[in-house]
Amino acid sequence: MQLKKILLLHVCLPLGTESSDSFSFYLFCCFVFLQVSSLRGKVALITGASSGIGAGTSVLFAKLGALLALNGRDVQNLQKIAKQCVECGAPLLVPGDLTDEDTVRKTVDQTISRFGRLDVLVNSAGILAMGSIETSDLAQYDKIMNVNVRSVYHLTQLCVPHLIKTKGSIVNVSSVNGQRSFPGVLAYCMSKSAIDQFTRCIALGKINIIFNRNPGVIITDVHRRAGLDEDQYAQFLEKCKQTHALGRPGEVDEVAHCIAFLASDAASFITGVNLPIDGGRHAMCPR
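In terms of mature numbering (1 follows the signal peptide of the UniProt record, and there is no 0), the sequence shown is residues -19 to -1, 1 to 268.
Each hint should be verified, as a subset may be incorrect.
[To be verified] Below, computed lysine to any residue pairings styled on SDA-like, alpha-carbon distance capped at 20 Å:
no. : residue 1 : residue 2
1   : 124       : 112
2   : 148       : 64
3   : 64        : 76
4   : 87        : 73
5   : 61        : 76
6   : 148       : 248
No lab work stands behind these hints: they were computed from the structure.
Based on the sequences and whatever the hints tell you, model everything.
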């Protein structure tokens, strides 16, 4: 891990800093660290905040000083997460299903009414369902595409005018499934490929910064909700030792910190990119 950090700092260095001036190097590192470690004053709307990656991102953003508007379908869980996000005041809670167009409009309207602006949109809401071309049906396809793609399109569309005003950023939560083909999750893979292309295409417009992060297997409840029982889930996690280059699944905090970096001023010259946060899963070809 130390080697990774050294390499990252070297890659981030602007031209002319590869000198023996260690003090200048130190100041540069401090500057980058301060940018990454603070989201103070930024208004962030995070979807899927009642569980998993969205919940972990909400808690971290609060610790880094962000003002939060949180959306999620599970009201009780959303309230529990909100209690962990009080560093900069109680977050605005806008619960509801984003496949409902009125809920999407309400989410944006209440966020702007409360805070007066929007700096960061994190599209983290999403669902997973098992099914191949032989075993799935159009009802499953429509449900996954409505949640994972259509609602993201609609919410982003309504947020864009506000993000242009603040020169804000969008972080879309995709998956390694959008970049690689996997059996048994056909509609899910298609939905994440759509989000990857969505991210690249909107980066060509007037919004300053658009990111796509592609996690591998992250320990959340999404796989259980998709139908895996405890034994199947345990076997699935065990298999990650072979399918992930780092030999393990990821943790929510590891993804949340990457999202925080992308939402921070330290990422101000990055846009339209897909960032794998997958322990090397995208680079593997397990037999």
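Here is what the structure says about each hint:
{"no.": "1", "hint": "124 <-> 112", "result": "holds (13 Å)"}
{"no.": "2", "hint": "148 <-> 64", "result": "violated (29 Å)"}
{"no.": "3", "hint": "64 <-> 76", "result": "holds (15 Å)"}
{"no.": "4", "hint": "87 <-> 73", "result": "holds (12 Å)"}
{"no.": "5", "hint": "61 <-> 76", "result": "holds (13 Å)"}
{"no.": "6", "hint": "148 <-> 248", "result": "holds (13 Å)"}
The structure fails hint 2 only (numbered hints given earlier).
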